[in-house]
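Residue numbers (our numbering), protein chains in the order written: chain A, 1 to 433; chain V, 1 to 433; chain W, 1 to 433; chain B, 1 to 433.
Source of the hints: derived by calculation from the structure; they are not laboratory data. There's no promise every hint is true.
Any copy will do: because identical chains look the same in the list, a pair fits if it lies in one copy or spans two.
What the hints assert, rightly or not - Straight line, CA to CA, 20 Å or less: simulated DMTMM-like cross-link-like pairs of lysine to aspartate or glutamate:
1. Lys344 / Asp326
2. Lys391 / Glu337
3. Lys345 / Asp96
4. Lys345 / Glu64
5. Lys183 / Glu173
6. Lys148 / Asp96
7. Lys148 / Glu99
8. Lys183 / Asp197
9. Lys344 / Asp235
10. Lys183 / Asp198
11. Lys391 / Glu194
12. Lys82 / Glu110
13. Lys329 / Asp283
14. Lys391 / Glu335
15. Lys422 / Glu46
16. Lys231 / Glu31
17. Lys345 / Glu309
18. Lys148 / Asp250
19. Lys391 / Asp96
20. Lys82 / Asp332
21. Lys148 / Asp67
22. Lys82 / Glu173
23. Lys231 / Glu251
There are 4 protein chains.
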Amino acid sequence: MGRIWMSQMVSTIADLGRQYFDRSAGNTVLEDTRRLCHDLLSGRGEASGTALAREVVTLFREMEAPDRVAFLRMLNDEFSYKPVDVRAAATTYADDPSEANYQSLRRAVEAPRVELLRRMNMAPGGTGAILVMREFLLQLLSERPDLKPLDTDFRHLFSSWFNRGFLQFERIEWRTPAAILEKLIAYEAVHAIEGWDDLRRRLANDRRCFAFFHPALADEPLIFVEVALTKGLADRIQPLLDAPITGADDEDLNTAIFYSISNCQLGLAGISFGNLLIKQVVDAISAELPSIHNFATLSPIPGFCRWLERQLMNTPPDFLSKDEIDLLKQPDWVENEVLRQGLKKNLMRLCANYLTQVSKRGHALDPVARFHLGNGASIERINWAGDISDKGLRQSAGLMVNYRYAPDQIVGNHEAYVSGGKIASSSKVRALL
Amino acid sequence: MGRIWMSQMVSTIADLGRQYFDRSAGNTVLEDTRRLCHDLLSGRGEASGTALAREVVTLFREMEAPDRVAFLRMLNDEFSYKPVDVRAAATTYADDPSEANYQSLRRAVEAPRVELLRRMNMAPGGTGAILVMREFLLQLLSERPDLKPLDTDFRHLFSSWFNRGFLQFERIEWRTPAAILEKLIAYEAVHAIEGWDDLRRRLANDRRCFAFFHPALADEPLIFVEVALTKGLADRIQPLLDAPITGADDEDLNTAIFYSISNCQLGLAGISFGNLLIKQVVDAISAELPSIHNFATLSPIPGFCRWLERQLMNTPPDFLSKDEIDLLKQPDWVENEVLRQGLKKNLMRLCANYLTQVSKRGHALDPVARFHLGNGASIERINWAGDISDKGLRQSAGLMVNYRYAPDQIVGNHEAYVSGGKIASSSKVRALL
Amino acid sequence: MGRIWMSQMVSTIADLGRQYFDRSAGNTVLEDTRRLCHDLLSGRGEASGTALAREVVTLFREMEAPDRVAFLRMLNDEFSYKPVDVRAAATTYADDPSEANYQSLRRAVEAPRVELLRRMNMAPGGTGAILVMREFLLQLLSERPDLKPLDTDFRHLFSSWFNRGFLQFERIEWRTPAAILEKLIAYEAVHAIEGWDDLRRRLANDRRCFAFFHPALADEPLIFVEVALTKGLADRIQPLLDAPITGADDEDLNTAIFYSISNCQLGLAGISFGNLLIKQVVDAISAELPSIHNFATLSPIPGFCRWLERQLMNTPPDFLSKDEIDLLKQPDWVENEVLRQGLKKNLMRLCANYLTQVSKRGHALDPVARFHLGNGASIERINWAGDISDKGLRQSAGLMVNYRYAPDQIVGNHEAYVSGGKIASSSKVRALL
Amino acid sequence: MGRIWMSQMVSTIADLGRQYFDRSAGNTVLEDTRRLCHDLLSGRGEASGTALAREVVTLFREMEAPDRVAFLRMLNDEFSYKPVDVRAAATTYADDPSEANYQSLRRAVEAPRVELLRRMNMAPGGTGAILVMREFLLQLLSERPDLKPLDTDFRHLFSSWFNRGFLQFERIEWRTPAAILEKLIAYEAVHAIEGWDDLRRRLANDRRCFAFFHPALADEPLIFVEVALTKGLADRIQPLLDAPITGADDEDLNTAIFYSISNCQLGLAGISFGNLLIKQVVDAISAELPSIHNFATLSPIPGFCRWLERQLMNTPPDFLSKDEIDLLKQPDWVENEVLRQGLKKNLMRLCANYLTQVSKRGHALDPVARFHLGNGASIERINWAGDISDKGLRQSAGLMVNYRYAPDQIVGNHEAYVSGGKIASSSKVRALL
């Protein structure tokens, strides 16, 4: 989940950012935008309808990276709440907690940029532009932690705007406009889509793809999930991706495998849709194809090898024998087929161990496990040689895992996990321990 | 602007409300809903997706009025911000205005019901149900002013959700689904639509009708405006409504007359769309029909007679002669054609006076004038016998007014009005003074 | 099935027609149209694309009735096949039946007007205009039987153009555009729709309405059928029309009652769609609502009383007793409740007799029976007091009949009826005989 | 215009066909189909709705090539008109040319397969299947000329079904469903589309693509045309295809260049849409972009080099000098840049000569010229090095031509060409002669 192809861009932007902060001020585009922003917040903004908003958005879209940085700084600093005012209102309320004083405090607490962003949003394409603002901001944050207050406001605003009640749940198929389909190729983050032929296969009769859209972001999916209809639990990703097409009317199909889920909008980082999407897909497939009654993922275990290496540094990890440790300390054991086969039994056990452990704070160790267990799924099966791509071998020694979504256990699993850090797993998985 | 047919309902609900508050507690439906609301706010709400939200919404929709009242009280009281917590956070911030303390204060300030409403909104039909909640609340407020904090939160939430950037601007025509068209008949608030034949005439080739929709409220317009394409400024409403159809391709048509604008959702009271809708319609008609270059309203003057009566009570109003006063003091002068004709010149003058005066706070006296002048329109013409319906005679002695929207003067007019209480008017109108 | 409100128009047109044929020629519009028609058939027609076709269609649309009559005569006479040419080609073929001579004969046999109509059809709205031509022609035929050859060509063309493969099967509901819904009110021919409220009830959750459309006739249904979802066979039409709405999710609903089927386009007389529509509706409802497994009509018996009167004139009909004959000879027995009740048993028997008899040529006597039995339905039940409207009493003494469509018996019933004049009926009906 | 990638398939089918006719009969699938066809034509076909048609279509779709050949033979032979009956009807009409005898003759002349195909067409996907039948038939015709009568009926039927009045004119853009876009890649016959990126470029803002669709053939264009918006007449195809994108709002764009037009359905060979499509596109672009006022093609001259070679064989062609002939007799002169440049002036002259000559029957020599001149275009300009691809050099020594569509000259040009074999050309072209 994430857009890998952006990472390259990020460093460039951060570089530009650094450069920029050293430069002296005096940028005309920025001054124009500042004036328009003040106008937009004033009564003038009300009178001119969306015209001012449109101008601000257009100026922002055309800005070079340094100007964008300056623009975000301006939002953060000039259009911030006023600490003096908040303090005054806070003191007044502390002295006299009346409703009127509460309302004053509440008004003082909201930064003017929140209303400014709401007004920018009136422009055609405004929502998309504001997402780009945050996407840009997120690249800067590690360099410029002082911009965090602005990010908090973005996030707060987006969690209101992108409420599930406003999202549109849609099936993606080969009849979908190409302008949307090309986004899937661009945004797929788990198992890259190798061009249009690969895409068409993923949208064939024995596959399903669903996405959330927001009405203000035409042709832009927020998140999408790819599903394969199979006979029994799929255990390997490569055969799944390359499988010849089966008809969806094949009566032996009984399982829906969620094999890829990708967030599309970097600007929406931290606003979570995956949980809701998966459950809606379970409902949609159940309604369309009553013969499908198993719902599970075929998921990577991105943190397994990293965790394993850390174990080797500790002496002696209580669940590793001396011999195992020696074997694992061989260079390139992961990519050495003989060594890996020798370790197979132990690796499966170690992986079960990794997946079913929780941190001190009660979280699963693996990020993907964290997501699915938090949604109420259980660990169903660990698959040897599930993903033998370079990435698969490197991250998880080729192992993959099925998380099961059993509709009647979701709430129970979720609560046990959230409140007590208990991880649900099948007897098969527990037997590995 | 408003839905007259609701007023009757209001008193009944208020009555029920009063009854209810005297009753002892113990209502099962309410207890169920309370428990679900708490679950929805907890982690359980996250796990069960939209299922809990759906249940809450369904229960609310089925509640009788007394339960609804209790439900709203619960939102207001139980799911309020906690004054103790706000006070503590306020004190902490006053002592140390750090960013961390600001964020704590901010969180303390937001009432839990805001998040609760956001989660309810995830249910299918959630947005509509929440609008109904506020609609119901608004009927109660005069009886139960203690519920105002809840209303403030509704309003705040709606101004974010119903941002112009999320509204869909659509033309309404005879090809529009009947399920939407019937809403126009129900919601028309200025000049009642007398059934489907009248509606079809208002949607003919020489008419235009536009509305804002929200994507989460299918088939429910938020506001709509009706426009007649005419040769020159229309001066009377009855002939306009009854006019035979002209083709829109008639080259003599040069004017767009906005003769009715109706808000549809009582629950959105105080969230203003009219200003934006009018400007978008001006743009849409300009693009479609370049020969239309005048944009004006044909508007009622709902406060004129009421104002006139108040003048008569003051002795002596400086702009009324003794004789005029005597005439106006005749009972039923409005409906006495002879008297009214005798007063014609004076009534026109008085009306010009009424429309161009501002209150001490800089507002136009008439509510409709306030709306259009605030949008940047100017007073173009006062029309004798513009509306000779009972209502027209009673409210404004049959007078109507054209407000003009001249695209290049809107911002100037608006600013002069808002900052200095200056009302823009044509020389014709000024000549009446 | 048919449009009653047209009948009035017909005589006027026929009158105009008569008038016209007495007039001397010399009409300019007609001359213009004639020239354009010749151009359209020539190469000029190919070059100018659809422009010529558009002109011809526009001229026809604007023609007064007398010109239309003359225009149709022109198509019939001037653009007919050439008997001389057909005769020559026929003789040549008779002498030498080669493929080449066959093709020549084939070309000679097709009247030029057929190609002319195909080219007119290229105009926007062309198909609709050509339907109007035939609608007009049909009114004239009894007066002007010499125009029959033209009608044969229309019919031949339409049976190709309106092939089932080109029709669109669509559900009509309250969300359908008003521009289509108003056509239902206009075209309903069995149980008049009393305005928009009545229409809305007929489109509620426990009702279904389906229509065939042709892609070249936007917003114009060709035929539509109205269906009520009920518990068991409905026996009376008035309670059915007035019934309060039940949810479609009511699990007790097990029967689909076809209570009205109306052809919409007079110009398509003789091109039958009803048979195909009913079967497609059976499929659509079966797929949507598996709990519905009975499909039947609630139909009028328009010829019953007329037939009965004819029986009384014959002495003595073998299935009427002396007493029965005397009773039935009472004036107004149909509307005399006492007499009718007295005759109830006999009337039911007589009706069963009427419905199950066939003519010498093997046809059912009643026109509605002819339609449904020809489609493969069977006579399920005769209902006393099924339609107590004036029309119902007058035509069928208030009786109505249910024809049943049992999917697995349709082909068998049809073949037995068509080949052997055998009428399928239930034991209940046979018991009446 | 045509689908090159099909040619390979053709020979295989013809081979199979040959094989088949040698085989002895006894094929079960075919026998089944024969029986169903007879049922479909009988009353049984009427009763069972579209079920029989669906079965026939399904069986045909699943047939191997040999069975398809046998199926087409069956349509041609068993479901032919009956010569004996035609002869009898012809003789009767020749003796007595009454209307009744005409109708009998007419009925005898129509082969039963025509009605059979109409009934097959009722099946879902029927129209598409019938197109495939003819596509298959066309491959066989050279081997099996006895099947021509069947083809004549197909053609006759299709010219009625695919009447312009039933076609849908649609713009193709990047928002069009991928399921349609992939057809463009498959069907493009003039300048191959090199994958999805190339396609996207051809659908960018400064390009237009339009197609005709038939409502019964979802997602299947019948014909499409690709247009580039340019500044002035484009003279070379390669730079046009590779050009960077310009905004459609670029005010300097004044010309629409039709650079590719492709028929998509082999089964519709001989049913012409290109003429109508071009004119409709001229209308559509004029309406959308008033600044575009030149409409021309950039076309290949596929017959030029072939014609030139034939000239060399004649001694001595009167418009070639001795030296020119010697040069042109050099092997590979076309691909020898030096030789070709030396011949440039002469080649331009010869090409003008080629394009402006007509055959004895009054047709232009070049097939593409024949199409555009027959539509009323004129020869505007011949372009040196217009297409330097292998194919372009081989067919036309790299020359291309612009045909101009001047709306006010189309009818005149067309008539002069059709009636007198006169070819319209610009003074520039005439100056080359």
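We went through each hint and held it up to the structure:
With identical chains, the CA atoms of Lys344 and Asp326 are at most 20 Å apart within one copy only, with a shortest distance of 15 Å there and 80 Å across copies. With identical chains, the CA atoms of Lys391 and Glu337 are at most 20 Å apart within one copy only, with a shortest distance of 15 Å there and 52 Å across copies. With identical chains, the CA atoms of Lys345 and Asp96 are never at most 20 Å apart, being 68 Å at best within one copy and 58 Å at best between copies. Taking the shortest Cα distances, Lys345 and Glu64 never come within 20 Å of each other, neither inside one copy (55 Å) nor across copies (52 Å).
Taking the closest pair of Cα atoms, Lys183 and Glu173 come within 20 Å of each other both inside a single copy (13 Å) and across two copies (16 Å). Proximity of Lys148 and Asp96 under a CA criterion of 20 Å is satisfied inter-copy only: 19 Å between copies versus 32 Å inside one chain copy. For a Cα distance limit of 20 Å, the shortest separation of Lys148 from Glu99 across copies, 10 Å, qualifies, whereas the shortest one inside one copy, 30 Å, does not. For a Cα distance limit of 20 Å, the shortest separation of Lys183 from Asp197 qualifies both inside one copy, at 15 Å, and across copies, at 14 Å.
Taking CA atoms no more than 20 Å apart as the test, Lys344 paired with Asp235 passes inside one copy only; the shortest distance there is 16 Å, against 67 Å between copies. Taking the closest pair of Cα atoms, Lys183 and Asp198 come within 20 Å of each other both inside a single copy (14 Å) and across two copies (17 Å). Within a single copy, Lys391 and Glu194 get their C-alpha atoms as close as 16 Å, which meets the 20 Å cut-off; across copies the closest is 31 Å, which misses it. Taking the shortest alpha-carbon separations for Lys82 and Glu110, both the intra-copy value of 9 Å and the inter-copy value of 18 Å come in at or below 20 Å.
For a Cα distance limit of 20 Å, the shortest separation of Lys329 from Asp283 qualifies neither inside one copy, at 46 Å, nor across copies, at 67 Å. Proximity of Lys391 to Glu335 under the C-alpha cut-off of 20 Å is restricted to the intra-copy arrangement: shortest distance 11 Å within a copy versus 50 Å between copies. Within a single copy, Lys422 and Glu46 get their C-alpha atoms only as close as 54 Å, which misses the 20 Å cut-off; across copies the closest is 17 Å, which meets it. For the identical chains of this complex, Lys231 and Glu31 are neighbours neither inside a copy (62 Å) nor across copies (37 Å), given an alpha-carbon limit of 20 Å.
Taking the shortest alpha-carbon separations for Lys345 and Glu309, only the intra-copy value of 18 Å comes in at or below 20 Å, while the best inter-copy value is 77 Å. In this assembly of identical chains, the alpha carbons of Lys148 and Asp250 never lie at most 20 Å apart, being 53 Å within a copy and 42 Å across copies at closest. Proximity of Lys391 to Asp96 under the C-alpha cut-off of 20 Å is found in neither arrangement, the shortest distances being 61 Å within a copy and 49 Å between copies. For a Cα distance limit of 20 Å, the shortest separation of Lys82 from Asp332 qualifies neither inside one copy, at 57 Å, nor across copies, at 58 Å.
For the homomeric pair Lys148 and Asp67, the shortest alpha-carbon distance inside one copy (18 Å) is at most 20 Å, but the shortest distance between copies (44 Å) is not. Taking CA atoms no more than 20 Å apart as the test, Lys82 paired with Glu173 passes in neither setting, with 50 Å inside one copy and 49 Å between copies. For a Cα distance limit of 20 Å, the shortest separation of Lys231 from Glu251 inside one copy, 9 Å, qualifies, whereas the shortest one across copies, 34 Å, does not.
Consistency note: the structure conflicts with the earlier hints numbered 3, 4, 13, 16, 18, 19, 20 and 22.
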